[in-house]
Every structure is written in C-alpha cells, then in structure tokens.
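**Q** These are the residues of each chain, in order.
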Amino acid sequence: MTMKRLFGTSILALLAAAFFTGLVLAQQPVPTPSDDQVNHIAHQLYCPVCENTPLDVCPTEACRQWRDLIRQQLAQGWTEDQIKQYFVQQYGVRVLAEPPQSGLNWLIYILPPLIILAGAFILFRALRTWTRPASASAAVGANESAAQDEYVARLEEELKKRK
Amino acid sequence: MTGTTPNTARRAVPLWAQIIIWVSLLGLLVMVAIELNHSQQGQVARGDRIGNFTMPLFSGFELNGQGQFNLADYHGKVVMVNFWASWCKPCEQEAPDLEQAWQFYQGDGRVVFVGADYVDTEPEARAYLAKFGITFANGPDLGTRVSQLFRIKGVPETYFIDRQGILQYAQIGPFESVDEIKSIIDPLLK
Numbered sequence: 001m002t003m004k005r006l007f008g009t010s011i012l013a014l015l016a017a018a019f020f021t022g023l024v025l026a027q028q029p030v031p032t033p034s035d036d037q038v039n040h041i042a043h044q045l046y047c048p049v050c051e052n053t054p055l056d057v058c059p060t061e062a063c064r065q066w067r068d069l070i071r072q073q074l075a076q077g078w079t080e081d082q083i084k085q086y087f088v089q090q091y092g093v094r095v096l097a098e099p100p101q102s103g104l105n106w107l108i109y110i111l112p113p114l115i116i117l118a119g120a121f122i123l124f125r126a127l128r129t130w131t132r133p134a135s136a137s138a139a140v141g142a143n144e145s146a147a148q149d150e151y152v153a154r155l156e157e158e159l160k161k162r163k
Numbered sequence: 001m002t003g004t005t006p007n008t009a010r011r012a013v014p015l016w017a018q019i020i021i022w023v024s025l026l027g028l029l030v031m032v033a034i035e036l037n038h039s040q041q042g043q044v045a046r047g048d049r050i051g052n053f054t055m056p057l058f059s060g061f062e063l064n065g066q067g068q069f070n071l072a073d074y075h076g077k078v079v080m081v082n083f084w085a086s087w088c089k090p091c092e093q094e095a096p097d098l099e100q101a102w103q104f105y106q107g108d109g110r111v112v113f114v115g116a117d118y119v120d121t122e123p124e125a126r127a128y129l130a131k132f133g134i135t136f137a138n139g140p141d142l143g144t145r146v147s148q149l150f151r152i153k154g155v156p157e158t159y160f161i162d163r164q165g166i167l168q169y170a171q172i173g174p175f176e177s178v179d180e181i182k183s184i185i186d187p188l189l190k
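Going down the list, the protein sequences come from chains A and B.
Counting from 1, one number per residue, gives the positions in the first sequence under my numbering.
Counting from 1, one number per residue, gives the positions in the second sequence under my numbering.
Everything labelled a hint here was simulated from the structure, so no lab data went into it.
No residue lacks a Cβ here, since even glycine has one placed at the ideal position from N, Cα and C.
Any given hint could turn out to be false.
Now the in silico label distances, taken between C-beta atoms and shown as ranges [unchecked claim]:
#1 A:Asn105 with B:Arg110: 22 to 32 Å
#2 A:Val57 with B:Asn52: 18 to 28 Å
#3 A:Arg128 with B:Gln148: 44 to 54 Å
#4 A:Arg94 with B:Arg49: 19 to 29 Å
#5 A:Ala120 with B:Asn52: 48 to 58 Å
#6 B:Asn70 with A:Trp106: 43 to 53 Å
#7 B:Gly51 with A:Ile116: 37 to 47 Å
Work the whole structure out from these sequences, hints included.
**A** In structure tokens, the structure reads:
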C-alpha cells in the first residue's frame, strides 16, 4: 500500500515537474536577433522611398525603422516568409528584391533567357551567312586560277608550235 | 571560262515564328510605353477628378466611427488628404498647423481631414501622432495605393478636393502656417 502511494506520488511529482518545465521553456523569449539575421531579410527588401538601395545598406531613417521592425518581428518568432509577406501587404510587391513568380512577373524570368537564346540563334545564322559567300568566292577564285592556268598552258603550247 | 554560283538562298523563318516574334516585340514596346507614360505623368493637377479610393484607418483615428475612409462617402464635402511619414522632418513642421486647422473646421461639418501615412511603421506612426496631438482621421497607405493614385513624389504633400470631387489645390512641401491652410479651404466652402 505504502509502495503504491509512493509510486503514485512520484508519478505525480514527475508530471508536475514536466508541466512546469514546459511552461518555463514556453515563456522563454526568443533571443534577440543579430544584425546578420536582420540584414539577411533586409537584403531582400527595398524601401520605396530610396529606390535601388537594398534595405540592409540604406542609411535613411525610414529604412532604419524598417530594420527595427524586422528585428522586432524576428524576436517575436516570425519566419522570413511571414516578415516578407507583411512588408508586401503593407507597402506593395515592389518592396521585394525578387518579384514573385506569378502573373506578368513571369516575363522578367522568361524574357531575358529567351532574348539571349534568340540573339545567339540570330548571330549563329548571320555568321553562317557571312562565312558562306567567302568560301564560295574562294572556290570561284580557285577555279578561275585553275582555268587561267589551263589557258596559260594552252597559250604556251601554241607558242611552242609556232616556233 | 567556268565558275560556280554561290548558294545564297536562305531558309525562311516560319510564319508562326515571325508572328510570335513580332507580337512579343510589340507587346514589350506597349508595356514600356505605358510604364514611361505613367512615370512621366507627374502629380495630379488642379481640375483633375480624383478617382474613388478607400484607406484603412488606425484604431483611435477613425472617421465618424468608420475604420475605413472611403472618398465617395464624403462627396459634397471639402476633403483634405495629407501624405506624411514619421521619418519625414518637414512633416513635423506642418503637423501642429494641420491639427490646429482641423480644430477650426471640425465643428463646421463641411470639411474632412484625412492623413495618409506613407511607407511607415505603425509604432513610429502612432508615436508621431501622439507627439503632435493629431486627432483627425489617419491611416496607413497600404501598398502605397493612395499615394500612387495621387502620383506623389514625396512627403509632405497635401491635396484639397472640392465638393464635386475635383482637385482644387496641391501643396507640395510643408505649410508655413494655419492661415495658409485656411486660405486654401475657405474659398472652397463658398
């Protein structure tokens, strides 16, 4: 009986310890995000006020506020995607360094390689066209010189006959 | 004399490929033209009809109990739209004058003030509003949609829309005094 009670008490104590340990762990704040963590996300964003300057290196007050906000959000446990989504929702899709691959944005990803391929194809065709007449004319030149040689040979032969 | 004729006949590009290439090029040119046209339009000008827009308002800065500002709801009133940001130093210069002007017109009921917080963060925006004791309706310019509608170039900028929904005045830069604001609104109320 005593053993049973002791066993029961031990189990309860263990469960209580596990519960409170869990509570303490859950209450522990996320460590303060480092500058590198903040800048990793900031590098993927552009503030509309300072065009062409990534957020991580932008010196303006507006950008400093944005970086502080990213730090706060990271400290609250937000993921990178959640933070980027928040900025898109607040300031529009143009804040993203890389536009999302949807809608007309696909053109940004598809057009450059297509244009490069088309350019390479056109260049290839042009080079073939440029080189073909040259070789053809070289062939003609060779034939002409051969024909000329034949003519010279015949001329010499005729001259020999007359001597 | 003998000779060979070089074979210069070229294979023609298929018709479908030509159509695709030309349509693509045309589409690209149209897109560039639209974008260029948009970027060169400049700000909205006096006499332009302002299209309807909606904007969420910060809690505590609602207008007539509404958490969203809808321009169409205020047809028949003079509407002042002020673009500002907490990081904008010239905005601080005009903030007390704007609030003073709002206090002057608030009871009249024929004038509506609304602040559009441009590219800002809410904690800083709220601190700014508290610092200058702003009480008129204010909200974030979500997705910079409203500022794009007015094609603003920076902050502060303030637009005055008459009772017919026509833009009558655009102030680029901060106001110097309350009287300056009144001198714009008063003629619109006559």
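**Q** Indicate, hint by hint, whether the structure satisfies it.
**A** Now for the hints, and whether the structure bears them out:
no.	hint	in the structure
1	A:Asn105 with B:Arg110: 22 to 32 Å	violated (45 Å)
2	A:Val57 with B:Asn52: 18 to 28 Å	violated (39 Å)
3	A:Arg128 with B:Gln148: 44 to 54 Å	holds (49 Å)
4	A:Arg94 with B:Arg49: 19 to 29 Å	holds (26 Å)
5	A:Ala120 with B:Asn52: 48 to 58 Å	holds (50 Å)
6	B:Asn70 with A:Trp106: 43 to 53 Å	violated (34 Å)
7	B:Gly51 with A:Ile116: 37 to 47 Å	holds (41 Å)
Hint check: violations occur at hints 1, 2, 6; the rest are consistent with the structure.
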